[in-house]
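Novice: Here are the chains, one letter per residue:
Protein chains: 2
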Amino acid sequence: MPKVSDQHRADRRRQILDGARAAFARHGYEGATVSRLEAEIGLSRGAIFSYFPSKWAIFYALAQDDQERVFQLILDQGFGAVIRLMAEESPDWLGVYFELIRKLRTDLDLRDEWSNRTPELNQRVTERFRQLQERGEFRRDLPVDAIGEFLGLIIDGVAVHVTAGYPVDTDSLLKLVSAAIAPQ
Amino acid sequence: MPKVSDQHRADRRRQILDGARAAFARHGYEGATVSRLEAEIGLSRGAIFSYFPSKWAIFYALAQDDQERVFQLILDQGFGAVIRLMAEESPDWLGVYFELIRKLRTDLDLRDEWSNRTPELNQRVTERFRQLQERGEFRRDLPVDAIGEFLGLIIDGVAVHVTAGYPVDTDSLLKLVSAAIAPQ
Chain A
1 MPKVSDQHRA
11 DRRRQILDGA
21 RAAFARHGYE
31 GATVSRLEAE
41 IGLSRGAIFS
51 YFPSKWAIFY
61 ALAQDDQERV
71 FQLILDQGFG
81 AVIRLMAEES
91 PDWLGVYFEL
101 IRKLRTDLDL
111 RDEWSNRTPE
121 LNQRVTERFR
131 QLQERGEFRR
141 DLPVDAIGEF
151 LGLIIDGVAV
161 HVTAGYPVDT
171 DSLLKLVSAA
181 IAPQ
Chain B
1001 MPKVSDQHRA
1011 DRRRQILDGA
1021 RAAFARHGYE
1031 GATVSRLEAE
1041 IGLSRGAIFS
1051 YFPSKWAIFY
1061 ALAQDDQERV
1071 FQLILDQGFG
1081 AVIRLMAEES
1091 PDWLGVYFEL
1101 IRKLRTDLDL
1111 RDEWSNRTPE
1121 LNQRVTERFR
1131 QLQERGEFRR
1141 DLPVDAIGEF
1151 LGLIIDGVAV
1161 HVTAGYPVDT
1171 DSLLKLVSAA
1181 IAPQ
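Residue numbers (our numbering), protein chains in the order written: chain A, 1 to 184; chain B, 1001 to 1184.
Worth flagging that the hints you see were computed from the coordinates, not collected in a lab.
Please note that the accuracy of each hint is not assured.
On the chain B side, residues computed to face chain A include the following (Cβ under 10 Å) [claimed, not checked]: (1) G1080; (2) F1098; (3) R1102; (4) D1109; (5) S1115; (6) N1116; (7) T1118; (8) P1119; (9) E1120; (10) L1121; (11) G1152; (12) Q1184.
Label pairs and their calculated CB-CB ranges [stated by the list, open to error]: (13) B:R1117 x A:Q64: 29 to 39 Å; (14) A:I155 x B:R1026: 23 to 33 Å; (15) A:P143 x B:T1033: 52 to 62 Å; (16) B:D1076 x A:D171: 44 to 54 Å; (17) A:A182 x B:E1127: 38 to 48 Å; (18) A:A47 x B:A1039: 26 to 36 Å; (19) B:T1170 x A:Q64: 42 to 52 Å; (20) B:D1076 x A:T170: 28 to 38 Å; (21) A:G46 x B:D1109: 52 to 62 Å; (22) A:A182 x B:R1045: 28 to 38 Å; (23) A:N122 x B:Q1015: 44 to 54 Å; (24) B:A1047 x A:N122: 44 to 54 Å.
Ideal placement from N, C-alpha and C gives every residue a C-beta, glycine not left out.
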């Protein structure tokens, strides 16, 4: 039997992730049953779960992709690009995250795993923030972690507004955020 | 038959709201079945639904109470008091709101009703913000609505962090928010 090529495996993995993202957006995390995943992905459960051990593993891989994209965007184009991206994001997809947040509080292992889902990029973003603070582009009267938390909180607030269907005035928001973190 | 006194009605209404809040916090909105509401409130479904037409009406009354409290606190003690209150709020209760946000986007009538659940106080807060801007305590280069939206977004971000169990550094956050909205 010929060995399945790496390219083939990569294509299948992509197909599973794209289909699963659509299924989660349409039905929510809990509502995305295995049958619905099969229908949206176009593969049998046997095929799907030979690539990922569980539904959670598929969702986690999507969340990793999202966080990678966000962190890479911060590194390449700055925080404003992230806010603009989120304002354009599918609200249905963002809504899936809110099914998770109660779970994070009650499951400490999950919360740790979740916070560290892209450890290397996480590290690089923290490092970048530290440099910006040292160079005097961020205010220095607060710990750099407080600034990072603030930006994370803004991202979460935008996610809530986008999911609820409230408009986000990104230009004004970015002016407010810049003033918050600028040297005082 | 003696007429049920107003005091008695008010006490019963309070009993229903307090019990329902506990039931929603424990089981979520969807999970708070009528049986669970009865158990937590200590009244029969007949008694409960003679005060409120539906489970939604009970939840809506609780949300109105919360928003009143938040708006009154802004008027009496300022935005910082709201953030400190939220950081102490029951995360389980706050989590109930996140079951709602998808509904808000897809149900436009609900979204309008939701945004205007305390119209008079809403109006007074907007008026207060306008005064603060005129007096030069808020920056004037942005519309006052943009500042209001920003503060709402911060509240939502804090709600996400509290619900997910992430700590909120309220002192740093309030310094950042002050700098954002201060005259530039």
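Novice: Each hint: holds or not?
Specialist: Checked hints:
1. G1080: It is violated, given that the least Cβ distance between B:G1080 and chain A is near 14 Å, above 10 Å.
2. F1098: Holds. Min distance 4 Å.
3. R1102: With a minimum Cβ separation of about 5 Å from chain A (threshold 10 Å), the hint on B:R1102 holds.
4. D1109: violated, 12 Å
5. S1115: Holds: closest Cβ of chain A sits about 8 Å from B:S1115, inside 10 Å.
6. N1116: violated, 13 Å
7. T1118: Violated: closest Cβ of chain A sits about 17 Å from B:T1118, beyond 10 Å.
8. P1119: violated, 17 Å
9. E1120: violated, 21 Å
10. L1121: Nearest chain A Cβ about 19 Å off; hint violated.
11. G1152: holds, 8 Å
12. Q1184: Holds, about 6 Å.
13. B:R1117 x A:Q64: 29 to 39 Å: Since the Cβ atoms of B:R1117 and A:Q64 sit about 38 Å apart, the hinted range of 29 to 39 Å holds.
14. A:I155 x B:R1026: 23 to 33 Å: holds, 29 Å
15. A:P143 x B:T1033: 52 to 62 Å: Distance hint for A:P143, B:T1033 is violated at roughly 45 Å.
16. B:D1076 x A:D171: 44 to 54 Å: violated, 32 Å
17. A:A182 x B:E1127: 38 to 48 Å: With Cβ atoms ~30 Å apart, the hint is violated.
18. A:A47 x B:A1039: 26 to 36 Å: violated, 46 Å
19. B:T1170 x A:Q64: 42 to 52 Å: At roughly 30 Å between Cβ atoms, A:Q64 and B:T1170 fall outside 42 to 52 Å, so the hint is violated.
20. B:D1076 x A:T170: 28 to 38 Å: holds, 32 Å
21. A:G46 x B:D1109: 52 to 62 Å: violated, 44 Å
22. A:A182 x B:R1045: 28 to 38 Å: Given range 28 to 38 Å: violated, Cβ gap about 56 Å.
23. A:N122 x B:Q1015: 44 to 54 Å: Roughly 48 Å apart at Cβ, these two residues keep to the hinted range, so it holds.
24. B:A1047 x A:N122: 44 to 54 Å: holds, 53 Å
Of the numbered hints listed earlier, those contradicted by the structure are 1, 4, 6, 7, 8, 9, 10, 15, 16, 17, 18, 19, 21, 22.
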